[in-house]
Every structure is written in structure tokens, then in C-alpha cells.
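*Asks:* Next come the chains, spelled out residue by residue.
Protein chains: 2
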Amino acid sequence: MTADDRFVVATYVVEDEEKQLRKRADGIAIGLTVGSWTDLPAATQERMRPYCGRVEDITVEERLPDGRVRARIAIGYPVVNFPARIPALLTTVFGKLSMDGKIRLAGLHLPASFARAFPGPKFGAAGVRQVLGVHDRPLLMSIFKSCIGLPMDELVAAFTEQALGGADLIKDDEIFFNESLASPEDRVRAYREAARRTEAETGQRVLYAVNLTGPVTELRDRARRLAELGAGALLINAFAYGLDVLQALAEDPEVSVPLMAHPAVAGAMYAAPGYGISASVLFGQLLRLGGADIVIYPSPYGTVTLEAEESGQVLHHLRADNGLKPALPAPSAGIHPGLVPLLVRDYGMDVIVNAGGGIHGHPGGARAGARAFMAAIRAVVAGRSLREAAEDSPELAAAIQQWGVREA
Amino acid sequence: MTADDRFVVATYVVEDEEKQLRKRADGIAIGLTVGSWTDLPAATQERMRPYCGRVEDITVEERLPDGRVRARIAIGYPVVNFPARIPALLTTVFGKLSMDGKIRLAGLHLPASFARAFPGPKFGAAGVRQVLGVHDRPLLMSIFKSCIGLPMDELVAAFTEQALGGADLIKDDEIFFNESLASPEDRVRAYREAARRTEAETGQRVLYAVNLTGPVTELRDRARRLAELGAGALLINAFAYGLDVLQALAEDPEVSVPLMAHPAVAGAMYAAPGYGISASVLFGQLLRLGGADIVIYPSPYGTVTLEAEESGQVLHHLRADNGLKPALPAPSAGIHPGLVPLLVRDYGMDVIVNAGGGIHGHPGGARAGARAFMAAIRAVVAGRSLREAAEDSPELAAAIQQWGVREA
Ligand SMILES: [Mg+2]
Ligand SMILES: [Mg+2]
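Chains as they are written, first to last, in our numbering: chain A, 1 to 408; chain B, 1001 to 1408.
I should point out that these hints are in silico values taken from the structure, not numbers from a laboratory. Think of the CB as a built atom: it goes at the ideal place given N, C-alpha and C, for glycine as much as any other residue. Among the hints, erroneous ones may be present.
Claimed, not checked - Subject to a maximum C-alpha distance of 20 Å in a straight line, what follows is the list of computed SDA-like cross-link-like pairs (lysine to any residue):
| id | chain 1 | residue 1 | chain 2 | residue 2 |
| --- | --- | --- | --- | --- |
| 1 | A | Lys102 | B | Ala1042 |
| 2 | A | Lys102 | B | Pro1300 |
| 3 | A | Lys145 | B | Arg1049 |
| 4 | A | Lys145 | B | Ala1042 |
| 5 | A | Lys102 | B | Val1080 |
| 6 | B | Lys1145 | A | Leu40 |
| 7 | A | Lys19 | B | Arg1049 |
| 8 | B | Lys1023 | A | Lys102 |
| 9 | A | Lys102 | B | Lys1145 |
| 10 | A | Lys102 | B | Arg1049 |
As the list claims (entries may be wrong) - Listed below are several chain B residues computed to face chain A (Cβ distance under 8 Å; list not exhaustive):
| id | residue |
| --- | --- |
| 11 | Leu1090 |
| 12 | Ser1113 |
| 13 | Ala1248 |
Claimed, not checked - Where chain B lies over chain A, by a calculated footprint (3+ residues, C-beta under 8 Å):
| id | region |
| --- | --- |
| 14 | 8–22 |
| 15 | 145–151 |
| 16 | 363–376 |
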């Protein structure tokens, strides 16, 4: 496939009669740009040409039992047609088209100049490490088990246990919207004090990722306020709020903390084979363009999974050389200490080991659960096997007894 | 299914082992609310009970060839857990769950008090009619065929043709993001003048629905400005921008014009059987809660279709008695004058007949195309057949010759 830097190229997987493919591709290229073409006078065509889409490629991938084919169609959309904002990009390449039967937006190719017009991560992987002062190992993130309904003192106690166990980051539950017992501002203040105490004890910095909630029109002000109050990072339900909200936060210099994108609701778009938008576009490309420093998405290990190949493509895009800072992957669901070797094999050292049940479900409680993870992380960095490391760490030994080990 | 007004009840369609259903339902009810339950002390349970979800119903619908079943699971989520904002609602009921394999959010039941906490349509069907001064017939909306790349004088000429033909509303293409030749503000000003001229000639009011574009942080100010300048309505790519943007516009008294929601990108969520979110939730419930006065969504007649049953459920929800104003349906794609009897049969008189190709593709051009629609609309209101009406309307006769008639 060829492409030049005047075009965003979207690749779709469709199922159709082979002989219909060319007509369908032409219909997309014209219908989603200038609206009509062949019936225009030559002079008008000349004037409209810079705005007209073009068919880049049509490749038949598979012949289906019913006589039709599965094919990839690549369409180039002139970048002059839309600004570097995700709603404009998505509406153009998969707005009306998303309703055209069985069709999947499988991939996007963005010209470097277009990608660089997006903010991308403000901190990126290196920036998050710098804030934490941790450069030589995977990071550990602990997820609150319960949030809703707990009074502040119990939340602070839970925060403290996770921090004392060694978590680098502690994040809210993404479903934490009730503000009656503990508002985001109150949590940031209370956890900031708790973190001072635990940092004095352990010498380890801990960042609290607060769930950014409220009406969309107030999110930017609230993000600034939470950052000012001492939030370590902002957790954003980016697909529920809209990806332009993420971009607006990334572009705002006063939002001076890392942005952590949660994948909530994204499964409605990527989970069905042959429909919707691929996870690599959603998590790998759009979240990074929009400025997520940390991208939470399904690991290939747990029950909430993403197919290994697609998961690999997400990772590729989070780090691909496109002029923007690389984002940190936080593969999630089903993570326990025994998986750390596999995580490092699959994601490298620049990964956030993100666990909820794998920390709180530890027989010794959350503090022991976080310790078990840190022991596993240090073992992998040192090139030791987990079973060997478990001899020095009763917490890791207990975790292995509970969940087992999958050495890489 | 029973439900009380303390719970939002979400119904999911899942495929699973029958013996797993109860465990899975319990896992959802607890996992997406309080996080844990059975291991909590009794006193803590008592305190957390108001926030804990509950299983409302489990119904096996079909036994699958592989031994599993297709079932509906209904889960009640306490309304105290989230405010009346769509991102909070969606993140709770289909955030993480959207990534749990094959599962579809099929329906939502909202307590009346919760629904009424949303703005709903500011104008509603009656309000839009009042603005137009048209009370006794379906409304006609014409869609610009081309927008991108055309200079203002050609856009004004196209607007004028559509208005002279009798369109009540004229809407931008939803992919119109390029502002270099004609910004939204410039279009509103220019079409306002054009509308004054056509209204003087025809005596008929016409509303221009301008595509609301730009960074999300500027949309509300721009919406106010466009309304102030004389926009007739605002076209919003609500799924691309996020549904809370729609709600924020609906809640703003200074955005003093009807809101028209475009379905762009929604196909990524509803199109796949068994996955994602049903069209009736997206178009019928969420868009109305969020405040769309006019809901554009696929008709069951064209190529971009929605299954007839689902389409009927959308319509049901747009008008259901829930304390909010009813929204106007604008079923779209493949609409030509010969379909007007069917449209009125299926949607009643409170419908927007929305056409692009069916107007611009008329052999006599857009003005004749709009006239043909108006002749068809008047015929249906008068109880005349289209063929009979075509004897008095050469434009309708030509349309029928081109596209045929489907009498209801
Ligand atoms: Mg969670
Ligand atoms: Mg259009």
C-alpha cells in the first residue's frame, strides 16, 4: 500500500461480493469526502480534487463459503478535510460507514505531520518514570477493590495498605462517581497526607490516580484543581467522555500530571469480530494521539482478554516512532505475581503491572499482596526465577501458592 | 421483571453455560458496585447495602448447539452510585463489562425520578414544530450533497435551491469539518440572508442545522454564538464527541435552538449481533435523555439499515412517557418521495422526512426534488395516493418514475 502525507489512510475489513468491491470502495472515497464526482464538470473536479478521497488498495483476503469474499479496502482521506481532532477524524473515516453492515475499521495510517499535530502524551513513559524516580524496573499499580460507599477513613486505610506494600501508583475504581462520602478533591487531599506518611516510612514515592468525574464542561477546571491539590495522575474514562476530552486535557499546560486512560465502554466497539473499530486503533493509536500517558487495556492473560495478536499491535502503536512520546501500557485483568515474568517478556521493562484482585486477594491482605508483586518484579529484573525469589519473600511464596507461576 | 425506583436496571444478552449464569450475574451485581460482598463483616454489609447492585432476573432464551445458552441477565444498579450523566451511567453498566467477551447491553430501565434528572429535549417534537410554524404534516429535511471544498457562493446557491423546493430544515453534511472556505459562523450568516430571501418568496420558514465542530472545550461557546447568529438548529456528532457534550448543550439556556443528533460512529457499537449496545438504548434512550430534539438514525428502508424490530424500539423510546419531551425521529438513508406513505405508516405524522440523494438525485435538480417530497407529504396528509397526486405534480411524477412508489 502506498500513501503520501496528504492522506490519512483507513483500512477496513468488509465482506461482500468480489465484483462489488471496487464500486463500494469508490463510493466510500467519494461519499465520505466530496459527495459526488463523476457527474461534476471538469472545472469543478479540478477545484474539488484536493478534498476528494481515493482508493488506495483493495485486497481479497479470503473466499467465504457463501461465494462472497472477505477483503481489506484502504481509503485515503485528504488531511485538509479535518483538523487534528479525534471526533473529526473518526466521524470522517467511520461515521456513517460504521452503520454500513458488517465492516470493521481495522487500521489507520496517519502522515507524520498529521500525527504530530496531536498533543500525544505530555509525560510519556520516561516522564512518568521521572515523576516517580523509578527507572530500572516495571512499575506497580494497585487498584482500589472497593470505593463506593466507603467513608474517607476506610479509604485512607486502604490507600495506606497498598502504599506500604510498595505500589508506585494507586488508582481509583473507574466506577467511582458517588461523591457524597468522599469527593475527588477530598480524596486527593487525604491521600496526599497518607502518602507523605508512607513515603517517610518506605522511602518510596506513590502517585494517586484520581477518577476525573463530573459534567464534561467542568472536567478541565476540575483536572487543573486536582493537579494543583496534589493528584498524582488523572484517571479518565476516555471512551465514555469522548476522546476529545482527553485531547483537551493533554493540551492544557495547567493539567500538570500524567493522564491515565481507562478502557471502559471500549469493548462495545472492538469486541465483535468483523465489526466496530480494532483495539489497536482505539487503544494503540487514538489514546496515544489524544495524550494518554498511561493506557489501561485488557491483558491477554485474564478473563477479560484481548487476542494476543491484537494486543501486540496495541503495544506496537503505543511505542511506534511517530514524533509523539511513547505511552506506558498497563495491561489489566487477571494479573497476579506469578505472571510478572510473562508480562516482562511480552511488554518489556516499560510496563505497568496493574492489579486489583491479585493484590487484595492475597491471603495476607493488600500490603502483602503489593509486596509479593514487588518481590516478583525485583526477581525478574535480577534475572532470578520467582520460585527462587520466593525463598526470601514469604509474601511472594504465598502468592505463588495461591495463583501459581507462569515463567516466561 | 420487578424493579423499584432506587435502581437502574440494565438487561444484557449473554452466551454462557447455564450453570454459570447465576455466578456471573452475582459477579456483575457486586463487581460493578461495591466490589466485594460475601467476605465483608455483617456490619459493613449493612452500611454498604445501599450501594450494592442486585440480580433482578435471569432468563434463558435459547439453547445453543454447543450446549451453552443464550440468556438475558438483568442487573439493578443503585441510582445513588452515579449522577444523572451519561458517561457515569454507561461506565457503570457497560464499562468493564463491555470487554467481557460476547455480551450486549440490550436494554435499560430507568426510574422516572432518575430519567427526569436528565435535561431531555429542550424543544421536543412540539417545540420544533412551533419554531417552524408547521403543525399538521411531516417535516421535510434536506441534506447538503456536498459541503467540503465548495466556496460560499456555491453553498448559498445549493441552500437556496433546497429552500425554494420547500425543505423545512436543511442540514450540513456531518463530515463538514474544514472551515477554510466557509466557517460555521460564515455559513450561518450567509444562509440566514438566503433564507430571508426564500422565505419572502415562498412564505415558508426554513431552519439551517449547522454542524457544530471544533475542540470540545469550545463547543458550548460556539453553540451559543451560532444560535445568537441565527442558526436554526445545531447538528452534533454526539457519539464522536461524547454524549455528555449533548447533555451540556441541552442544559444550557443560552443554546436556544433545537439540537439534532447525528448517529455517526454509533454503528461501531450497535451493528454487531450479540455485542455492544443496542440501537434502542443508544438512539432511543441515551440521545433523548441527553437532550436531542431531533434524532437521526437509520431507516429500515435503505442500504444503511436497522432491523425493523430494533427500529421500532428506538421510536418507542423517543416518545415513551418518561417525564421528558418526546424527540422527533429522522429516519435516514435511502429515502425518496415514494417512501413517504410508508414513513407515515411506520412513524406517524411526527416524523422528519430526511433525504439527500432522494432530493439531489431528482432529474430536475434539488429544488424539484424537494418539491416532489412536499407533494408526496401533502398527498399522504390528504389521504390521496401518490400516483393520483403525481397528476398535479410533475416533480412527484418524475420522482416516482425514477424511484417508484411503496404505498403503505
Ligand atoms: Mg475497576
Ligand atoms: Mg452525510
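*Asks:* If a hint holds in the structure, say so; if it doesn't, say that too.
*Replies:* Evaluated hints:
no., hint, in the structure
1, A:Lys102 <-> B:Ala1042, "violated, 50 Å"
2, A:Lys102 <-> B:Pro1300, "holds, 16 Å"
3, A:Lys145 <-> B:Arg1049, "holds, 16 Å"
4, A:Lys145 <-> B:Ala1042, "holds, 18 Å"
5, A:Lys102 <-> B:Val1080, "violated, 38 Å"
6, B:Lys1145 <-> A:Leu40, "holds, 12 Å"
7, A:Lys19 <-> B:Arg1049, "violated, 60 Å"
8, B:Lys1023 <-> A:Lys102, "violated, 33 Å"
9, A:Lys102 <-> B:Lys1145, "violated, 25 Å"
10, A:Lys102 <-> B:Arg1049, "violated, 43 Å"
11, Leu1090, "holds, 5 Å"
12, Ser1113, "violated, 16 Å"
13, Ala1248, "holds, 5 Å"
14, 8–22, "violated (count 0)"
15, 145–151, "holds (count 6)"
16, 363–376, "violated (count 0)"
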